[in-house]
Amino acid sequence: MIYGPRRSYDFDPQGLISEDNVNLLNEEYLRKQVVSYETPLLIDTLNSIYIIPVSIKTLKKPEEVVAVNEQHLDLLDVSFNARRLKKSSYYNYRQFDGNYANIIIYNAMQDRTFSLFNERIIIGNVEAYYFQDDILMVFYTASKDTDKNGVIDLSDLRSLCIYSLNTGEMRVITDEENQIMHYGFIENSKNLLVEFKLKDYKESQFASIGSPRKIMKYAFDTKKLRNVIPDDIQKEMQKLVEGK
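Numbering (the working numbering), first residue to last: 1191 to 1434.
Please keep in mind that the hints were generated in silico from the structure rather than gathered at the bench.
Every value quoted in this text rests on a predicted model; they were computed, and no experiment measured them.
It is possible that some hints are incorrect.
Now the in silico label distances, taken between C-beta atoms and shown as ranges [said to hold, decoys possible]: (1) Met1360 with Tyr1283: 18 to 28 Å; (2) Ile1423 with Thr1248: 42 to 52 Å; (3) Asp1422 with Leu1232: 44 to 54 Å; (4) Asp1324 with Ser1345: 26 to 36 Å; (5) Asn1213 with Val1431: 45 to 55 Å; (6) Asp1323 with Glu1218: 49 to 59 Å; (7) Thr1235 with Lys1389: 38 to 48 Å; (8) Asp1422 with Glu1309: 33 to 43 Å.
Even glycine gets a Cβ: it sits at the ideal position worked out from N, Cα and C.
Use the sequences and the hints to build the structure in full.
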(Lines of atoms letter the chains of each structure in order from A and count residues from 1; the text may use other names and numbers.)
(Lines give C-alpha, C1' and ligand atoms only; values in the text may rest on other atoms or scores of the structure.)
Protein backbone atom coordinates (compact mmCIF):
# COMPACT_ATOMS: atom_id res chain seq x y z
CA MET A 1 0.00 0.00 0.00
CA ILE A 2 1.35 3.44 -0.93
CA TYR A 3 0.79 6.27 1.51
CA GLY A 4 0.64 9.88 0.45
CA PRO A 5 2.20 12.73 2.42
CA ARG A 6 0.85 13.07 5.95
CA ARG A 7 -1.67 15.84 6.26
CA SER A 8 -1.57 18.00 9.33
CA TYR A 9 -4.74 19.55 10.71
CA ASP A 10 -3.08 20.86 13.85
CA PHE A 11 -3.94 24.50 13.36
CA ASP A 12 -6.30 26.65 15.37
CA PRO A 13 -7.51 29.54 13.18
CA GLN A 14 -9.19 32.60 14.63
CA GLY A 15 -11.10 33.06 11.38
CA LEU A 16 -12.51 30.87 8.62
CA ILE A 17 -10.33 28.01 7.36
CA SER A 18 -9.05 28.84 3.87
CA GLU A 19 -10.56 27.16 0.81
CA ASP A 20 -7.48 25.00 0.15
CA ASN A 21 -7.43 23.62 3.69
CA VAL A 22 -11.17 23.09 3.88
CA ASN A 23 -11.04 21.17 0.59
CA LEU A 24 -8.48 18.81 2.14
CA LEU A 25 -10.83 18.23 5.06
CA ASN A 26 -13.79 17.66 2.74
CA GLU A 27 -11.86 15.03 0.79
CA GLU A 28 -11.64 12.94 3.95
CA TYR A 29 -15.20 13.76 5.11
CA LEU A 30 -13.87 15.75 8.04
CA ARG A 31 -14.58 19.16 9.48
CA LYS A 32 -12.78 21.33 12.00
CA GLN A 33 -15.24 24.21 12.37
CA VAL A 34 -18.84 24.13 13.59
CA VAL A 35 -21.47 26.84 13.25
CA SER A 36 -22.80 28.44 16.44
CA TYR A 37 -25.64 30.94 16.77
CA GLU A 38 -25.24 33.90 19.10
CA THR A 39 -27.94 35.32 21.35
CA PRO A 40 -30.48 37.28 19.23
CA LEU A 41 -30.02 41.03 19.60
CA LEU A 42 -32.85 43.53 19.13
CA ILE A 43 -31.60 46.09 16.63
CA ASP A 44 -34.88 47.73 15.55
CA THR A 45 -37.29 48.19 18.45
CA LEU A 46 -40.12 49.72 16.40
CA ASN A 47 -40.24 46.87 13.87
CA SER A 48 -39.08 44.08 16.24
CA ILE A 49 -36.10 43.14 14.07
CA TYR A 50 -33.30 41.08 15.58
CA ILE A 51 -29.88 40.13 14.29
CA ILE A 52 -28.48 36.69 15.06
CA PRO A 53 -24.70 36.57 14.49
CA VAL A 54 -23.39 33.26 13.16
CA SER A 55 -20.06 32.48 14.82
CA ILE A 56 -17.51 29.70 14.36
CA LYS A 57 -16.33 27.16 16.91
CA THR A 58 -13.02 25.50 15.99
CA LEU A 59 -12.52 21.91 17.14
CA LYS A 60 -9.21 20.87 18.66
CA LYS A 61 -9.24 17.83 16.36
CA PRO A 62 -11.19 17.24 13.13
CA GLU A 63 -14.39 15.20 13.41
CA GLU A 64 -16.24 13.10 10.88
CA VAL A 65 -19.03 14.93 9.11
CA VAL A 66 -22.40 13.99 10.61
CA ALA A 67 -25.82 15.60 10.69
CA VAL A 68 -25.77 18.73 12.80
CA ASN A 69 -27.63 18.41 16.08
CA GLU A 70 -28.78 21.92 16.79
CA GLN A 71 -29.41 21.08 20.44
CA HIS A 72 -25.67 20.72 20.97
CA LEU A 73 -24.66 24.04 19.43
CA ASP A 74 -23.32 26.27 22.16
CA LEU A 75 -24.62 29.82 22.35
CA LEU A 76 -22.06 32.49 23.12
CA ASP A 77 -22.67 35.79 24.82
CA VAL A 78 -22.25 38.77 22.51
CA SER A 79 -21.27 41.98 24.20
CA PHE A 80 -22.20 45.34 22.76
CA ASN A 81 -22.07 48.95 23.76
CA ALA A 82 -24.43 51.75 22.89
CA ARG A 83 -23.96 55.43 23.37
CA ARG A 84 -25.75 58.65 22.56
CA LEU A 85 -23.84 60.79 20.05
CA LYS A 86 -24.26 64.52 19.67
CA LYS A 87 -23.81 66.76 16.63
CA SER A 88 -23.91 63.89 14.18
CA SER A 89 -25.95 62.75 11.21
CA TYR A 90 -26.98 59.66 13.15
CA TYR A 91 -28.54 59.86 16.59
CA ASN A 92 -27.42 56.56 18.09
CA TYR A 93 -24.73 53.95 17.63
CA ARG A 94 -24.16 50.33 18.67
CA GLN A 95 -21.10 48.15 18.34
CA PHE A 96 -21.19 44.34 18.33
CA ASP A 97 -18.01 42.51 19.33
CA GLY A 98 -16.81 39.36 17.59
CA ASN A 99 -16.09 37.87 14.17
CA TYR A 100 -18.80 35.88 12.43
CA ALA A 101 -19.38 33.61 9.43
CA ASN A 102 -22.73 35.25 8.63
CA ILE A 103 -25.49 37.42 10.08
CA ILE A 104 -29.11 36.30 10.21
CA ILE A 105 -31.93 38.84 10.26
CA TYR A 106 -35.08 37.83 12.15
CA ASN A 107 -38.21 39.95 11.75
CA ALA A 108 -40.36 38.93 14.72
CA MET A 109 -43.46 40.84 13.56
CA GLN A 110 -43.46 39.05 10.19
CA ASP A 111 -41.90 35.87 11.60
CA ARG A 112 -39.41 36.01 8.72
CA THR A 113 -35.77 34.91 8.82
CA PHE A 114 -33.00 35.31 6.23
CA SER A 115 -29.21 35.49 6.07
CA LEU A 116 -27.17 38.37 4.65
CA PHE A 117 -24.73 36.17 2.72
CA ASN A 118 -24.82 32.89 0.78
CA GLU A 119 -21.04 32.47 0.50
CA ARG A 120 -18.07 31.55 2.71
CA ILE A 121 -17.14 34.80 4.36
CA ILE A 122 -15.83 36.25 7.60
CA ILE A 123 -17.51 39.30 9.15
CA GLY A 124 -16.22 41.60 11.88
CA ASN A 125 -16.41 45.04 13.50
CA VAL A 126 -20.21 45.13 13.15
CA GLU A 127 -21.67 48.54 13.98
CA ALA A 128 -25.20 49.88 13.71
CA TYR A 129 -25.90 53.55 12.99
CA TYR A 130 -29.37 54.89 13.69
CA PHE A 131 -30.58 57.59 11.29
CA GLN A 132 -34.00 59.24 11.29
CA ASP A 133 -35.07 57.29 8.19
CA ASP A 134 -33.01 54.10 8.41
CA ILE A 135 -30.73 51.85 10.42
CA LEU A 136 -27.43 51.11 8.68
CA MET A 137 -25.31 48.13 9.68
CA VAL A 138 -21.66 48.70 8.74
CA PHE A 139 -19.02 45.97 8.94
CA TYR A 140 -15.89 44.51 7.34
CA THR A 141 -15.85 41.29 5.32
CA ALA A 142 -13.16 39.05 3.83
CA SER A 143 -13.71 36.06 1.55
CA LYS A 144 -10.24 35.09 0.28
CA ASP A 145 -7.01 34.05 1.99
CA THR A 146 -5.00 36.84 0.36
CA ASP A 147 -2.07 36.67 2.80
CA LYS A 148 -1.81 32.88 2.26
CA ASN A 149 -1.60 31.94 5.95
CA GLY A 150 -4.29 29.25 5.71
CA VAL A 151 -7.01 31.33 7.38
CA ILE A 152 -9.59 33.78 6.08
CA ASP A 153 -9.81 36.62 8.57
CA LEU A 154 -9.88 40.41 8.61
CA SER A 155 -6.12 40.64 8.10
CA ASP A 156 -6.82 39.54 4.51
CA LEU A 157 -7.94 42.04 1.90
CA ARG A 158 -11.28 43.19 3.23
CA SER A 159 -14.28 45.15 2.03
CA LEU A 160 -16.51 47.56 3.91
CA CYS A 161 -20.21 46.65 3.73
CA ILE A 162 -23.27 48.77 4.46
CA TYR A 163 -26.62 47.03 4.92
CA SER A 164 -29.86 48.99 5.10
CA LEU A 165 -32.52 47.53 7.39
CA ASN A 166 -35.08 49.77 5.70
CA THR A 167 -34.46 48.80 2.06
CA GLY A 168 -32.59 45.52 2.45
CA GLU A 169 -29.86 46.80 0.13
CA MET A 170 -26.25 45.69 0.63
CA ARG A 171 -23.46 48.04 -0.46
CA VAL A 172 -19.86 46.87 -0.81
CA ILE A 173 -17.03 49.41 -0.66
CA THR A 174 -13.59 48.43 -1.99
CA ASP A 175 -10.97 49.59 -4.47
CA GLU A 176 -10.03 45.93 -5.10
CA GLU A 177 -6.36 46.27 -4.10
CA ASN A 178 -5.76 48.43 -1.00
CA GLN A 179 -6.68 47.54 2.57
CA ILE A 180 -9.46 49.53 4.24
CA MET A 181 -8.28 50.67 7.66
CA HIS A 182 -10.88 53.11 8.99
CA TYR A 183 -14.07 54.89 8.03
CA GLY A 184 -16.35 57.60 9.38
CA PHE A 185 -19.61 59.25 8.40
CA ILE A 186 -19.33 62.82 7.14
CA GLU A 187 -21.22 65.22 9.39
CA ASN A 188 -24.95 65.53 8.63
CA SER A 189 -24.91 62.95 5.83
CA LYS A 190 -24.64 59.26 5.02
CA ASN A 191 -21.49 59.82 2.97
CA LEU A 192 -18.32 58.27 4.32
CA LEU A 193 -14.62 59.08 4.47
CA VAL A 194 -12.68 55.85 4.02
CA GLU A 195 -8.98 55.38 4.82
CA PHE A 196 -6.95 52.89 2.76
CA LYS A 197 -3.46 51.50 3.37
CA LEU A 198 -1.49 51.47 0.12
CA LYS A 199 -0.44 47.99 -0.99
CA ASP A 200 2.70 49.26 -2.77
CA TYR A 201 4.48 49.66 0.56
CA LYS A 202 5.32 47.42 3.50
CA GLU A 203 5.48 48.72 7.05
CA SER A 204 9.01 47.31 7.36
CA GLN A 205 10.15 49.90 4.81
CA PHE A 206 9.51 52.79 7.20
CA ALA A 207 11.30 54.02 10.31
CA SER A 208 8.05 54.58 12.23
CA ILE A 209 4.98 52.39 12.58
CA GLY A 210 2.49 52.58 9.75
CA SER A 211 2.62 52.73 5.96
CA PRO A 212 1.27 55.44 3.61
CA ARG A 213 -2.49 55.89 3.42
CA LYS A 214 -4.99 57.53 1.11
CA ILE A 215 -8.40 59.03 1.89
CA MET A 216 -11.43 58.42 -0.30
CA LYS A 217 -15.04 59.57 -0.14
CA TYR A 218 -17.96 57.20 -0.63
CA ALA A 219 -21.03 59.07 -1.91
CA PHE A 220 -24.08 57.29 -0.49
CA ASP A 221 -26.55 58.48 -3.13
CA THR A 222 -24.39 57.75 -6.20
CA LYS A 223 -22.54 54.75 -4.67
CA LYS A 224 -19.28 56.12 -6.08
CA LEU A 225 -15.84 56.08 -4.46
CA ARG A 226 -13.35 58.85 -5.27
CA ASN A 227 -10.13 60.34 -3.93
CA VAL A 228 -10.61 63.24 -1.53
CA ILE A 229 -7.17 64.70 -2.34
CA PRO A 230 -6.81 65.44 -6.08
CA ASP A 231 -3.73 64.23 -7.95
CA ASP A 232 -2.34 67.76 -8.42
CA ILE A 233 -2.43 68.47 -4.68
CA GLN A 234 -0.93 65.04 -3.95
CA LYS A 235 1.97 65.76 -6.33
CA GLU A 236 2.44 69.21 -4.82
CA MET A 237 2.59 67.77 -1.28
CA GLN A 238 5.20 65.20 -2.35
CA LYS A 239 7.34 67.88 -4.03
CA LEU A 240 7.23 70.03 -0.89
CA VAL A 241 8.39 67.09 1.21
CA GLU A 242 11.21 66.35 -1.24
CA GLY A 243 12.22 70.03 -1.34
CA LYS A 244 11.72 70.33 -5.09
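Outcome of the hint check:
no.	hint	in the structure
1	Met1360 with Tyr1283: 18 to 28 Å	holds (20 Å)
2	Ile1423 with Thr1248: 42 to 52 Å	holds (47 Å)
3	Asp1422 with Leu1232: 44 to 54 Å	holds (49 Å)
4	Asp1324 with Ser1345: 26 to 36 Å	holds (31 Å)
5	Asn1213 with Val1431: 45 to 55 Å	holds (48 Å)
6	Asp1323 with Glu1218: 49 to 59 Å	holds (51 Å)
7	Thr1235 with Lys1389: 38 to 48 Å	holds (42 Å)
8	Asp1422 with Glu1309: 33 to 43 Å	holds (40 Å)
The structure agrees with every numbered hint stated previously.
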